[in-house]
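Protein chains: 2
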Amino acid sequence: MEHRLGLIGCGTVGQGLLEILRDKKDLLRDTLGFEARVVAITDTLKGTLIIPEGIDIAAVLDLLGRGKGLAEYPKATAAQVEPLDGLDVIERTDADIIAEMTYTDIKTAEPATSYIKKALRTGKHVVTSNKGPAALHYREIQDLARKNGLQFRIEGTVMSGTPVFHLAESGLAGNRIREVKGILNGTTNFILTKMETEGMDYGPALALAQKLGYAEADPTADVEGFDALAKVVILSNVLLGGSLKTTDVPCKGISSITKADIEAAKAQGLRFKLIAHAKAEGGAVTAIVSPQKLPLSDPLAGVMGAQNALSLETDLMGKITIQGAGAGKTETGFAILSDILAVHRC
Amino acid sequence: MEHRLGLIGCGTVGQGLLEILRDKKDLLRDTLGFEARVVAITDTLKGTLIIPEGIDIAAVLDLLGRGKGLAEYPKATAAQVEPLDGLDVIERTDADIIAEMTYTDIKTAEPATSYIKKALRTGKHVVTSNKGPAALHYREIQDLARKNGLQFRIEGTVMSGTPVFHLAESGLAGNRIREVKGILNGTTNFILTKMETEGMDYGPALALAQKLGYAEADPTADVEGFDALAKVVILSNVLLGGSLKTTDVPCKGISSITKADIEAAKAQGLRFKLIAHAKAEGGAVTAIVSPQKLPLSDPLAGVMGAQNALSLETDLMGKITIQGAGAGKTETGFAILSDILAVHRC
Chain Y
3 MEHRLGLIGC
13 GTVGQGLLEI
23 LRDKKDLLRD
33 TLGFEARVVA
43 ITDTLKGTLI
53 IPEGIDIAAV
63 LDLLGRGKGL
73 AEYPKATAAQ
83 VEPLDGLDVI
93 ERTDADIIAE
103 MTYTDIKTAE
113 PATSYIKKAL
123 RTGKHVVTSN
133 KGPAALHYRE
143 IQDLARKNGL
153 QFRIEGTVMS
163 GTPVFHLAES
173 GLAGNRIREV
183 KGILNGTTNF
193 ILTKMETEGM
203 DYGPALALAQ
213 KLGYAEADPT
223 ADVEGFDALA
233 KVVILSNVLL
243 GGSLKTTDVP
253 CKGISSITKA
263 DIEAAKAQGL
273 RFKLIAHAKA
283 EGGAVTAIVS
293 PQKLPLSDPL
303 AGVMGAQNAL
313 SLETDLMGKI
323 TIQGAGAGKT
333 ETGFAILSDI
343 LAVHRC
Chain U
3 MEHRLGLIGC
13 GTVGQGLLEI
23 LRDKKDLLRD
33 TLGFEARVVA
43 ITDTLKGTLI
53 IPEGIDIAAV
63 LDLLGRGKGL
73 AEYPKATAAQ
83 VEPLDGLDVI
93 ERTDADIIAE
103 MTYTDIKTAE
113 PATSYIKKAL
123 RTGKHVVTSN
133 KGPAALHYRE
143 IQDLARKNGL
153 QFRIEGTVMS
163 GTPVFHLAES
173 GLAGNRIREV
183 KGILNGTTNF
193 ILTKMETEGM
203 DYGPALALAQ
213 KLGYAEADPT
223 ADVEGFDALA
233 KVVILSNVLL
243 GGSLKTTDVP
253 CKGISSITKA
263 DIEAAKAQGL
273 RFKLIAHAKA
283 EGGAVTAIVS
293 PQKLPLSDPL
303 AGVMGAQNAL
313 SLETDLMGKI
323 TIQGAGAGKT
333 ETGFAILSDI
343 LAVHRC
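Protein chains in written order, with my numbering: chain Y, 3 to 348; chain U, 3 to 348.
It cannot be assumed that every hint is accurate.
Note: identical chains are not told apart, hence a pair may lie in one copy or across any two.
Cross-link-like lysine to aspartate or glutamate pairs, in silico, EDC-like; alpha carbons within 20 Å at most [what the hints assert, rightly or not]:
id, residue 1, residue 2
1, K268, D300
2, K149, E198
3, K149, D32
4, K331, D317
The set of hints was computed from the structure by calculation and includes no laboratory data.
Required output: the full structure, derived from the provided sequences and hints.
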């Protein structure tokens, strides 16, 4: 079956998705019966391209790889590259699935939330890697999707393509999830790993993370725990049935942890990790982000470097832990694809 | 939607499944739209019960819990409890899903394979926790299922209900899996853990595993690696596209590992684990079961006690590791349910 895809946002994640669609075309068709026709791409920096007959993915990747905009797409008509706002693109395109991949604004969740609602109101499934709408408006958007007989899927918002929501809804379906506990931020885990295994101070470890591209120039969102906070709110509301806001969750990062703290923990056989933790108990869901000293026997203690992991406490299966990449161009592009494939299967 | 289930084998796994169906009836109906009517149960030790209108699950569990046979089912007619062979039960029942849960015979895979083929030939989906048919005849049975438009599902054959096949076919769909490496036998992992963390010798650690019910009176299948061998053959053939036989796979267990070996490894910062490993390379799939000394940074090194874990090497997501229970009444009963729910979703 062929699906018509519209991409809103075509930065790292969008290009990661396009690369996979280009490279795995035959495999996806032959093994899963899945074919994709990309009918629209729009990006505030790169312009707009709407071609209902299908966009040449390799040509787009070539353009963007050379730093060009979508307006330079070969033989494009003026109408095909008319500069349009995301909302207009969603309105006009005949895509049946919108992949929303714009930047996260965790305070307003805009313009992503408006894009998503517009897509659902015009009959399109939505898949997104954007934490904003999922953290701030999950229930409302999910209700809108259901009312319209559509899917709203968010695999990429927590551990990139390492499957969390797929795991809960397929392999673990039938379980009640009571608690989740995870390492959801690769940057801070990388820093803590370097401090412990190489005896680095916090400052140099952060500088190394920045040099290697794990941390941004302004590392606040990572090191103060705000990225993990948004993710634990999403997990609380989607997996535990909570209705938490980001302001409901106490949050402490790792910027005050010293080499001495880490060494003292190590001497006790413990290891510092930035832990996002949420629990459903007595009808209430609570969550917290904080550095924790874990015994080495905890499945999360062995998660080193920029990896992510999540333990789910379930009623039938006990504790199930999944570990994998938590970021990356291909990994987050795959997260989007995995949600598109879930729409395809239904 | 209501499914009609037939249970072939009603020992620990079957009773685990029935308990979940009894306890989660409302939850499964309300959240997943799933309802089950058990229409047939047969077990070589406990007798046969065929009631197309539906069997009272609580009454059956009560009988079996009191050591009674199915013939004593309240108000059963002679026809409903007529002693029948599994093949006859499968022939006669109008179940749309057969749960095959008889004991594993890894040499012949019988009578399970005959039961499964009979079910597929009479229009019934099959779910099983039996390693025999999956290890010896996976491809042949899967072809038969496809030819008849039916499903043959085997989640419970490798890590009980810890999802391996669900993970590969939903969350990781689109990836090519190149290699799998796992701790697939909880008994040996329990023994190695006790030897390392409590300084026990092999003999006393094995005796403790037997006392706690992890190891059988004859522990050969576990400690010599044969259980892990059957599982790695299944993984090779299902996930890597191989066509291995059990005799193709070199297999060494843990019975010759001494406390001194473990201490020497520990001094090098390494940890002994019984590793099942399979790889697809240059068109060929190979596998091996052997004790390996892992660096502590390996996600499998931190898997302690009777837990199982599997790392999948994928082309898009890199290494994904899942850890959880690898055995147990509820856990394996849930594995069967998870496959039934997969049939329900499609």
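> What are the numbers of the hints that this structure violates, sorted from low to high?
Replying inline: Going through the list in order, the structure violates hint 2 alone and respects the others.
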